[in-house]
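Which chain is which? The protein sequence lines are X and W, in order.
So in my numbering, spot 1 of the first sequence is number 1, and the numbers just go up one at a time.
So in my numbering, spot 119 of the second sequence is number 119, and the numbers just go up one at a time.
No lab work stands behind these hints: they were computed from the structure.
Built from N, CA and C at the ideal position, the CB exists for glycine as well.
Treat the hints loosely; a few may be bogus.
[What the hints assert, rightly or not] Heads up, incomplete: computed chain X residues facing chain W, CB under 8 Å, no partners named: (1) E6; (2) A9; (3) Q23; (4) I36; (5) L40; (6) S64; (7) E66; (8) G68; (9) N73.
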Amino acid sequence: MGYEVEIEAMRAAAKAAGQAAEQAAKVELGAEVERIAPALPGGQAGAAATALATAWERAVRNWSTEAGNYSTNVSGSADGYVGAEDDATADFGAVR
Amino acid sequence: MPTYGDIRKWQPAPLEATVTGLNQRCDELVGLSDELTASGVPEGWTGEAADGARAERDRLQNSMELLVAAAAAVRRGVAEASDAVEALKHSVAETDSIAERNHFVIREDGSVVDNAPVTAHDPAHIDEYFRERQRVQQELADRVEQAVRRGTDIDSDLAGVLRAAEKGEINDGGATSLQDALNAGAGQGGLSTIGPPEDGSPYDNAGWWDSLSEAEQQAIIDEHPEWIGNLDGVPGEARDEANRARLETERAALEARRDELQADLDDNWFGGTFTSADAELDAVNAKLDSLDAIEETLARPGERQLLLLDMSDERAEAAIANGNIDTADHVAVFTPGLTSTVDGSMGGYDNSMAQLQFRTEEELARYGDGGSVATVTWIGYQAPQLSVGGVLFDSNSVLSDGSAQRGADSLAPFLNGIDASRDTDPNLTALGHSYGSTTTGLALQQNTGVDSAVFFGSPGLGTNDVDNINVPTGNAHYIEARNDAVGDLGYFGIDPSHMDGMNHVSAGETTLPDGRTLTESTGHSAYMDDSSTSQYNLSVVVGGMPDRVVTDDGKGFGDILSWPVPGTY
Chain X
1 MGYEVEIEAM
11 RAAAKAAGQA
21 AEQAAKVELG
31 AEVERIAPAL
41 PGGQAGAAAT
51 ALATAWERAV
61 RNWSTEAGNY
71 STNVSGSADG
81 YVGAEDDATA
91 DFGAVR
Chain W
1 MPTYGDIRKW
11 QPAPLEATVT
21 GLNQRCDELV
31 GLSDELTASG
41 VPEGWTGEAA
51 DGARAERDRL
61 QNSMELLVAA
71 AAAVRRGVAE
81 ASDAVEALKH
91 SVAETDSIAE
101 RNHFVIREDG
111 SVVDNAPVTA
121 HDPAHIDEYF
131 RERQRVQQEL
141 ADRVEQAVRR
151 GTDIDSDLAG
161 VLRAAEKGEI
171 NDGGATSLQD
181 ALNAGAGQGG
191 LSTIGPPEDG
201 SPYDNAGWWD
211 SLSEAEQQAI
221 IDEHPEWIGN
231 LDGVPGEARD
241 EANRARLETE
251 RAALEARRDE
261 LQADLDDNWF
271 GGTFTSADAE
281 LDAVNAKLDS
291 LDAIEETLAR
301 PGERQLLLLD
311 MSDERAEAAI
321 ANGNIDTADH
331 VAVFTPGLTS
341 TVDGSMGGYD
351 NSMAQLQFRT
361 EEELARYGDG
371 GSVATVTWIG
381 YQAPQLSVGG
391 VLFDSNSVLS
401 DGSAQRGADS
411 LAPFLNGIDA
421 SRDTDPNLTA
431 LGHSYGSTTT
441 GLALQQNTGV
451 DSAVFFGSPG
461 LGTNDVDNIN
471 VPTGNAHYIE
481 ARNDAVGDLG
491 YFGIDPSHMD
501 GMNHVSAGET
511 TLPDGRTLTE
521 STGHSAYMDD
531 SSTSQYNLSV
541 VVGGMPDRVV
551 TDDGKGFGDI
561 LSWPVPGTY
């Protein structure tokens with residue numbers, strides 16, 4: 001063994017990514033621009049703001065999902081190295 | 001495109017709330033920085049899976065940077081739109097208030113409808129009644145037009161920022177942190193500054209200026225003073241600040257041209273014999289002298305405003321106010337005549353205007369409302385000069401009214417602009433001397449909003465009929481001094497001394513009912529002498545106390561000769 005430090009670093013990275021995903025999911029960015037359309041009737045900005053609200057809501061959700069996936073993948077990789085001496089030797093060789 | 005009715009419904013408060021909300025969301029997103037940094041792939045992890053994870057993590061970082069940049073751009077765009085809408089709402093409220101006060105209705109589509117109650121009007125004043133209705137209607141239509149132009153501009157600019165954010169067109173400027181991305185995005189969210197209307201009327205210009213936020217107005221003064229220095233309808237304080245800022249650049253341009261011309265002349269064996277370089281050099285030097293005269297005048301004690309600065313014609317043009325035309329209760333605009341130039345005449349006329357301002361305020365304190373006064377010397381046209389070519393042959397001759405016609409086309413909007421730039425119109429008087437009275441007479445045949453006029457030493461007002469002078473009936477005055485031959489010329493219309501309906505006021509020695517003695521003015525150039533009857537008459541008209549004038553038919557021997565033969569004019 002001897003790869004625990006790296007594996008712990010991977011787990012920490014995965015945890016941080018998971019926290020970022022969780023925090024980002026709570027950011028209601030799109031909702032903020034929904035106030036624009038009723039404030040400016042008759043123009044183009046209202047429709048543009050409505051479209052942006054939808055786009056931002058989707059962007060935040062997607063980013064959060066992708067950050068969560070990244071977290072899961074890194075965490076899964078760390079788990080995979082535990083007890084897999086050959087794989088660890090190959091992938092952490094540089095730090096031995 | 002939004003209609004006037006739409007803009008009436010616009011609300012800055014939700015936009016402000018959007019900015020506050022976006023501030024918080026931006027903070028939350030930038031707050032992910034620590035987690036993102038900590039989520040980096042450990043350096044010691046290598047191989048295919050590590051490379052894939054590293055690429056994915058970089059992509060997450062980049063996409064968050066782009067999202068933060070977009071949020072910052074939108075935050076700035078909405079903040080600027082909020083300020084702009086706030087200013088526009090004030091302008092719209094002011095326009096609606098003018099309409100209401102004057103019994104007009106502005107429909108949702110922006111059309112202006114006269115809604116005055118049907119009442120009987122004094123036939124003697126019917127013309128001025130309709131003239132005033134037309135003037136207010138024009139003001140409202142122009143203000144509505146500018147509000148819609150401004151509203152469309154705000155809406156279009158903001159929509160542009162929002163669309164760019166939606167389409168992912170806001171870049172992060174190569175940022176490597178969320179904070180850098182935030183700054184880069186903010187730089188891409190600003191709204192454009194809308195310029196003045198092209199060939200706008202004073203009401204268009206006033207409507208445009210009113211529709212801008214204070215920050216936008218100051219930015220225009222700082223960055224584009226040439227837009228507004230001479231723009232009728234913009235308040236005097238703003239024009240003054242812009243024009244003072246222009247003095248230095250105008251001087252630098254003239255000095256460069258002077259040096260260029262001088263070098264050309266030095267290099268040419270024949271000097272200016274076969275070129276116009278020497279004549280142009282004289283003109284450039286006169287303009288530099290004009291700048292000196294302007295700066296010396298502005299440096300005198302007391303408040304002054306530089307309301308016009310134009311070096312584009314053969315001779316410099318300028319207008320300087322004593323006092324503040326934005327706040328004074330009474331404003332007078334004096335147009336001088338033959339041989340007037342900025343370099344040669346501004347200093348002397350400014351003295352006369354300063355004295356007239358002082359005397360008018362003195363009379364107002366003594367017998368009037370104690371109001372404040374501003375007096376303007378307006379040399380905003382190419383007054384004819386006494387040269388052989390000028391007098392006899394060209395279109396700028398004193399024997400032609402061409403110069404006065406062109407001057408009138410500049411003077412009329414200048415006068416209108418004073419009313420247009422203010423919420424409450426001042427008591428506005430036009431003063432015209434000599435050829436300047438012809439210019440003033442022609443200007444007042446347009447719809448200027450001027451309340452009173454005093455002409456003195458006039459070769460004619462460009463009309464034979466006082467009814468063509470568009471001031472309220474009974475508010476046109478004429479002074480002619482003894483031995484003023486110009487006043488008897490009757491060249492541009494009949495001698496005003498013979499004009500029916502004109503109030504003839506005195507230039508002779510007088511003792512006022514309160515015991516003050518005033519001196520006589522004689523000849524062509526003493527009408528504004530301090531403590532003269534003529535100056536006193538100017539002051540009481542400027543101060544809105546025409547019932548206090550000293551009357552006199554002013555007719556002397558020359559007037560007998562200039563008596564128009566009935567049926568010939």
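These are the hints, each one checked on the structure:
Interface hint at X/E6: satisfied, since its Cβ lies 5 Å from the closest Cβ of chain W, which is below the 8 Å cut-off. Here the hint on X/A9 is kept, as its CB sits about 4 Å from the closest CB of chain W, short of 8 Å. Given the 8 Å rule on beta carbons, the hint for X/Q23 holds: about 6 Å separates it from the nearest Cβ of chain W. Against a cut-off of 8 Å between C-beta atoms, the interface hint on X/I36 holds, since the closest Cβ of chain W lies about 6 Å away.
With 8 Å as the threshold, the beta carbon of X/L40 comes within range of chain W, its nearest partner Cβ sitting at about 6 Å, so the hint holds. Because the closest C-beta pair between X/S64 and chain W is about 10 Å apart, greater than 8 Å, the hint is violated. A hinted interface residue such as X/E66 counts as satisfied when its beta carbon comes closer than 8 Å to some beta carbon of chain W; here the least separation is about 6 Å, so the hint holds. Checking X/G68 against chain W: minimum C-beta separation of about 10 Å lies over 8 Å; hint violated.
Checking X/N73 against chain W: minimum C-beta separation of about 6 Å stays under 8 Å; hint holds.
Of the numbered hints given earlier, the model fails hints 6, 8; all others are met.
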